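Asks: Got chain A sorted already, so can you dock chain B onto it with the hints?
There are 2 protein chains.
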Amino acid sequence: MQVSPVLHGYFRSSCSWRVRIAFALKGIEYDQVAVNLIKDGGQQLAVIQYIDETRPGPRLLPADPKARAQVRMISDLIASGIQPLQNLSVLQKIGAEKLPWAQHFISRGFQALEPILKQTAGKYCVGDEISMADICLVPQVYNAERFKVDVGQYPTIKRLNETLAEIEAFKLSHPSRQPDTPADLQA
Amino acid sequence: MQVSPVLHGYFRSSCSWRVRIAFALKGIEYDQVAVNLIKDGGQQLAVIQYIDETRPGPRLLPADPKARAQVRMISDLIASGIQPLQNLSVLQKIGAEKLPWAQHFISRGFQALEPILKQTAGKYCVGDEISMADICLVPQVYNAERFKVDVGQYPTIKRLNETLAEIEAFKLSHPSRQPDTPADLQA
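From first to last, the protein sequence lines stand for chains A and B.
full-length UniProt numbering applies: residue 1 is where the first sequence begins, and numbers increase by one.
full-length UniProt numbering applies: residue 1 is where the second sequence begins, and numbers increase by one.
Don't read these hints as lab results, they were simulated from the structure.
Small disclaimer: the values here were computed from a predicted structure and weren't measured.
It cannot be assumed that every hint is accurate.
Intra- or inter-copy, both count: the list cannot distinguish identical chains.
Taking lysine-lysine pairs in the DSBU-like style, the calculated list, with each CA pair at most 35 Å apart, reads [said to hold, decoys possible]:
{"no.": "1", "residue 1": "Lys171", "residue 2": "Lys118"}
{"no.": "2", "residue 1": "Lys93", "residue 2": "Lys158"}
{"no.": "3", "residue 1": "Lys66", "residue 2": "Lys171"}
{"no.": "4", "residue 1": "Lys26", "residue 2": "Lys118"}
{"no.": "5", "residue 1": "Lys123", "residue 2": "Lys66"}
{"no.": "6", "residue 1": "Lys148", "residue 2": "Lys26"}
{"no.": "7", "residue 1": "Lys148", "residue 2": "Lys93"}
{"no.": "8", "residue 1": "Lys26", "residue 2": "Lys66"}
{"no.": "9", "residue 1": "Lys98", "residue 2": "Lys148"}
If we strip away everything but chain A, and leave its shape as in the complex, we get (with noise of 0.2 Å):
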C-alpha cells in the first residue's frame, strides 16, 4: 500500500500545476496544502520524472531514447528558458516594469519554442503521445495570456494548447479550480 502523496503547493503556481497534470495522468490521488510562499524553480520536473519511474499508468516520458531527449529538452527549454524569467519573486524584484520584462522573455522562449515544436509536434508537443512536454506547455501558454503576450503569433502552440485544453487531467488540475482559488477567480 502507499501513501497519498501531499502536494505543498499554490493553485496559480506553474511549477505546482505541472505536477497535478502529471498526478491526474497519472491517476494517483493526492492531498493538497496550499502555501503562500512560492519556492519556484525546476524541481519540479525532478517529481514528475520520479513519478513517471515508480508509478504506473501512461508514461509521461517516450520509451524511445531520440523521442525522450525531445521531451527534455522542450520541458528544459520551458521550465528552465522561460518560466524562470516570469516567476513572482523575479516579477517583484524588477517592480514597475514587470509587465514588459515577462513579455520580453516569454516571447523570446516562444520564438525558440514555435519551430522546434513544428518538427516534433504530432497530436500533441512529441508525436501521438501526452508527455512531460505538454506538461510543462500548458500552464506556460496560461502564463503568456495573463502578461497579454499574443499567444496567436505560435500557431504550433496555440494549437498544442487548445487540444491539451479539453483533456480532463488538464482541466482537473486547471488554477481556476484548486482548493486554494480566490472565490473571484474559480471557474
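Replies: Chain B alone, transformed into the frame defined by chain A:
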C-alpha cells in the same frame, strides 16, 4: 561506428561547460564549434540525460529512483532556479545593477541548496558517485565566484566544489582551457 558529436558552445557558458564535463566523464571524443551568441537555458540537461541513456561509461544518473530524484532535484534547482537568473541575456537587460542582481539570486539559490546537499552528499553531491548534480554544481560555483559571492558561507558547496575541481574531467572542461578562451583568461 558513431560519429563524433559537435558541441556548439562558448568557453564561459555554464551550459556548454556542463556538457563538456559529461563528455569527459563518459570518455566521448567531440568537436567544438565556438559561438559567441549564447542560447541559454537548461536544454543541456536533455543532452546529458540522452548521452547517459545511449553511451557507455559511468552513469551520470544513479540507478536507484530515490537517488535519481535527488540528482535531478539538485540539477534542476541550479539549472532552473539559479543559472537562468544570472545568465548573459538577463544581466544585459538588467544593466547597471547586474552585480547585486546576480548576487541576490545566486545567494538565494545557495541558501536553498546548502541544506539539501548537507543531507544528500557523500564524497560528491549525492552519495559517493559523480552524477549530473556535480556537473551542474561546479559551473554554478564558478559563476558565484565571478560575481563575488562568498562561497565560504556554504561549507558543503565549498567542500564539494574543491573535491570536484581535482578531477580530470572537470579540469579539462574548465572555461580557462577551451579553444575559444581569450588569451588573458587561459590557465
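Asks: Give me the numbers of the hints this structure contradicts, sorted from smallest to largest.
Replies: none
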